[in-house]
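Number of protein chains: 2
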Amino acid sequence: MLNFTVGPVMSDDEVRAIGAQQVPYFRTPEFSDIMFQNEQLILQFAHAPEGSRVAFITGSGTASMEATVMNVLTPRDKVIVVNGGSFGERFVELVNLHHIPHTEIHLDYCQPLTEAHLAPLSGQGHTALLVNMGETSTGVLYDMPMISRFCRDNGLLLVVDAISTFLADEFDMAGLGADVMITGSQKALACPPGISVIALSPRALERVEQNQSVSMYLDLKSALKNGERGQTPFTPAVGTLLQINQRLRAIEAQGGAASEIRRIASLAADFRSKASVLPFELASPSPQNGVTSMRTKDCSAFDIFTILKDEYQIWICPNGGELRDSIFRVGHLGALTPHDNSVLISAMLDLQKRGIIQ
Amino acid sequence: MLNFTVGPVMSDDEVRAIGAQQVPYFRTPEFSDIMFQNEQLILQFAHAPEGSRVAFITGSGTASMEATVMNVLTPRDKVIVVNGGSFGERFVELVNLHHIPHTEIHLDYCQPLTEAHLAPLSGQGHTALLVNMGETSTGVLYDMPMISRFCRDNGLLLVVDAISTFLADEFDMAGLGADVMITGSQKALACPPGISVIALSPRALERVEQNQSVSMYLDLKSALKNGERGQTPFTPAVGTLLQINQRLRAIEAQGGAASEIRRIASLAADFRSKASVLPFELASPSPQNGVTSMRTKDCSAFDIFTILKDEYQIWICPNGGELRDSIFRVGHLGALTPHDNSVLISAMLDLQKRGIIQ
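Protein chains in written order, with the numbering used here: chain H, 927 to 1284; chain U, 927 to 1284.
Since the hints were derived computationally from the structure, they do not count as laboratory data. Here a beta-carbon is modelled for each residue, glycine too, at the ideal position from N, C-alpha and C. Hints should not be assumed to be uniformly reliable.
Some chain H residues close to chain U (C-beta under 7 Å, calculated; not the full set) [to be verified]:
1. 928
2. 945
3. 948
4. 949
5. 951
6. 955
7. 985
8. 1018
9. 1119
10. 1137
11. 1138
12. 1143
13. 1157
14. 1161
15. 1165
Capping the alpha-carbon separation at 20 Å, the derived lysine to aspartate or glutamate pairs in EDC-like fashion look like this [said to hold, decoys possible]:
16. U:1235 <-> H:959
17. U:1223 <-> U:1248
18. H:1235 <-> U:956
Partner residues are not named here, just some residues of chain H that face chain U (Cβ under 10 Å, in silico) [to be verified]:
19. 946
20. 952
21. 987
22. 1000
23. 1003
24. 1020
25. 1118
26. 1121
27. 1141
28. 1142
29. 1145
30. 1150
31. 1159
32. 1176
33. 1243
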């Protein structure tokens, strides 16, 4: 199968070779060294400020979103949440569940965030802003420099879900003054799912230190404390952490984060250019590099997903809920090439010939 | 490396072959079918009562222990916790953290639980009992039929951490009247770590349904609801779930849970018999099949671990804390053979010859 979903994505041969090996015992100095290197490379690629740390959580991106809400925020905060789709909605549900007072900026699907949304919230006593840098459900990339300026002007802590954007779109944690960056193993890291990653600035670390943890499994204080010796509090997805290490070192050898971002940007541009012959609209006015969301006209987006899967051995990424029939997504993360883009376009042209795509 | 730890353990070739494959997209009927089969085989091997369900959590065994405490218990409960080591202690910490009133039965390391511990707690208004069927830190297997009788007599909900005993020691969920059974992917399931598993009886399911969840990621209501369509609320460790499927089907083809338990019991007996020439004592008076804990006399258990790792390419399982120098553990889970036991015994005899084991 050729995989154009937004995760799990395809891994390179070196990462898969590690998947074939026995998983090693991990309470050893050897595994600690791997973890130290993982932490250092994540911080380097995120351009994290001096004194930042990383926690590796065995779980999905949502586990790290919740760990952040639980450990970095408290009910004494008053946070702004940008909600432009399923993942923004998830942050809203999390702050609700954990009794964090909040103001929601509700955007329509695919609508960009503008100064006009933020301006009225200036000087309203907020303490933090939570945003999905890329709202993966619609492929919208928010204007991070604008958000950063607003947070700096208002002294807000900036929490960034970069799950589908880390290593795919420019991200400068120190430059933006971001305090938390969340990502996952199965996006641009192109490893199997199972690990999520939280980078924390000194300001976020101080909050973690002061807060009372409300979950043992998602306790960042304990994750960070164990991380000081290159370990985790509980048995992690050891194999996936070794795969992440292989991948981070490969990215470094190939020129680092900037080079990987250029590669994905170019793959996305190649796809969008080739796709212009098809009767779809780009759904996002400010697309992420990692995913192109396309609006269908007179045919069901979900049917296209199903037929490509069953008859062409190609996965694209369907949407759920309201967008099920109107929007599908094509990912550009993982071990994909311009040739793979051409294969997908050919299959879509064939669907058009068959009258399925109209 | 030859791996005698208690997890991660060695996987068979078929499981490793899946680790080398690309991880498939999972929001598909094909993946749902795998998950339905996983649920059915776990219930079958656990002898779960009619109407039971299974939740698969991407996380360590502790994630499932905490999910159980969060979703099955409430501060209106009054629970008994059997604490005979690190994992009993973890249950104590979890009920403390989640404000569940409790009575702790504190046992010394390696001490068995007896009627004398339970009898005084009869009729004291308790509602549930939490026990690690095998206290993996010391290799003690508790007397489950005795615990079961006590719970039945007192109408207690019975929560069993079977993380290191499922498929290694006899366990009849229906026969014992157990309401929750927890296990993990990296023990007798012999897959990479990353997935933990919770089987819930109808009585436990009813409690989950009635309780208010306090975590999104560890919300069993949502996990079970998604499970009805063979899915998970968040991106799971898809690859590990496919490996679990391969392994469950292989166990079924080889005669089911009983046959796998016999194989591990026989491997443990082989090791213990061969090890009798060495100057160690069996630390546990009622050993689990999955692990043999051995007490050293005049040498450091941790040094033996380190030298076997560095000079013989063999991992045994060290202990932390107080037991670091006095007890090491040898696991019998995963793709090990009697020949592997002989290799380990030879290495230990060599250490004896060198004066390191005394």
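Status of each hint after checking the structure:
1. With its C-beta approaching chain U no nearer than about 10 Å, residue 928 (chain H) sits outside the 7 Å limit, and its interface hint is violated.
2. Interface restraint check: residue 945 (chain H) against chain U, minimum CB-CB distance 3 Å, threshold 7 Å, status holds.
3. Of the supplied interface hints, the one on residue 948 (chain H) holds, with its beta-carbon coming within about 5 Å of a beta-carbon of chain U, less than 7 Å.
4. For residue 949 (chain H), the shortest C-beta to C-beta distance to chain U is roughly 4 Å, which falls under 7 Å, so the interface hint holds.
5. Restraint check, residue 951 (chain H) versus chain U: the minimum CB separation of about 4 Å is within 7 Å; hint holds.
6. Because the beta carbon of residue 955 (chain H) sits about 9 Å from the nearest beta carbon in chain U, more than 7 Å, this interface hint is broken.
7. Using the Cβ-Cβ criterion of 7 Å, the hint placing residue 985 (chain H) at the interface with chain U is satisfied: the shortest such distance is roughly 5 Å.
8. With 7 Å as the threshold, the beta carbon of residue 1018 (chain H) stays out of range of chain U, its nearest partner Cβ sitting at about 11 Å, so the hint is violated.
9. About 5 Å separates the beta-carbon of residue 1119 (chain H) from the nearest beta-carbon of chain U, less than 7 Å, and the hint is met.
10. Using the Cβ-Cβ criterion of 7 Å, the hint placing residue 1137 (chain H) at the interface with chain U is not satisfied: the shortest such distance is roughly 14 Å.
11. For residue 1138 (chain H), the shortest C-beta to C-beta distance to chain U is roughly 10 Å, which exceeds 7 Å, and the interface hint is violated.
12. Because the closest C-beta pair between residue 1143 (chain H) and chain U is about 5 Å apart, less than 7 Å, the hint holds.
13. Given the 7 Å rule on beta carbons, the hint for residue 1157 (chain H) is violated: about 11 Å separates it from the nearest Cβ of chain U.
14. At about 5 Å, the closest approach between the beta carbon of residue 1161 (chain H) and any beta carbon in chain U falls short of 7 Å, and the interface hint on this residue holds.
15. For residue 1165 (chain H), the suggested interface contact is upheld, since its CB lies about 4 Å from the closest CB of chain U, less than 7 Å.
16. Between the alpha carbons of residue 1235 (chain U) and residue 959 (chain H) the distance comes to roughly 16 Å, so the proposed pair stays at or under 20 Å and holds.
17. With a C-alpha separation of about 15 Å, the suggested pair residue 1223 (chain U) and residue 1248 (chain U) falls inside the 20 Å cut-off, and the hint holds.
18. Of the supplied pair hints, the one linking residue 1235 (chain H) and residue 956 (chain U) holds, its CA atoms being roughly 11 Å apart against a limit of 20 Å.
19. For residue 946 (chain H), the interface hint holds, since its Cβ comes within 10 Å of a Cβ in chain U; the closest pair sits about 4 Å apart.
20. The criterion of a C-beta within 10 Å of any C-beta in chain U is met by residue 952 (chain H), whose closest approach is roughly 7 Å, and the hint holds.
21. A distance limit of 10 Å between C-beta atoms decides the matter here; for residue 987 (chain H) the minimum to chain U is near 7 Å, and the interface restraint holds.
22. Hint status for residue 1000 (chain H) relative to chain U: violated, with the closest Cβ pair at about 15 Å, above 10 Å.
23. With a cut of 10 Å, the hint placing residue 1003 (chain H) at the interface with chain U is violated, because the nearest CB-to-CB distance is about 18 Å.
24. Interface hint status for residue 1020 (chain H): upheld, as the beta-carbon distance to the closest one in chain U is roughly 6 Å, under 10 Å.
25. Proximity of residue 1118 (chain H) to chain U holds as hinted, the smallest CB-CB distance being about 4 Å (cut-off 10 Å).
26. For residue 1121 (chain H), the interface hint holds, the least distance from its beta-carbon to any beta-carbon of chain U being 8 Å, beneath 10 Å.
27. Proximity of residue 1141 (chain H) to chain U holds as hinted, the smallest CB-CB distance being about 6 Å (cut-off 10 Å).
28. Hint on residue 1142 (chain H) holds. Least Cβ distance to chain U is approximately 5 Å, under the 10 Å limit.
29. Restraint check, residue 1145 (chain H) versus chain U: the minimum CB separation of about 9 Å is within 10 Å; hint holds.
30. Because the smallest distance between the Cβ of residue 1150 (chain H) and any Cβ of chain U comes to about 17 Å, over 10 Å, the interface hint for this residue is violated.
31. Proximity of residue 1159 (chain H) to chain U holds as hinted, the smallest CB-CB distance being about 8 Å (cut-off 10 Å).
32. The restraint placing residue 1176 (chain H) at the interface with chain U is violated, with a minimum CB-CB distance near 17 Å, outside the 10 Å limit.
33. The closest approach between the C-beta of residue 1243 (chain H) and any C-beta of chain U is roughly 8 Å, which is under the 10 Å cut-off, so the hint is satisfied.
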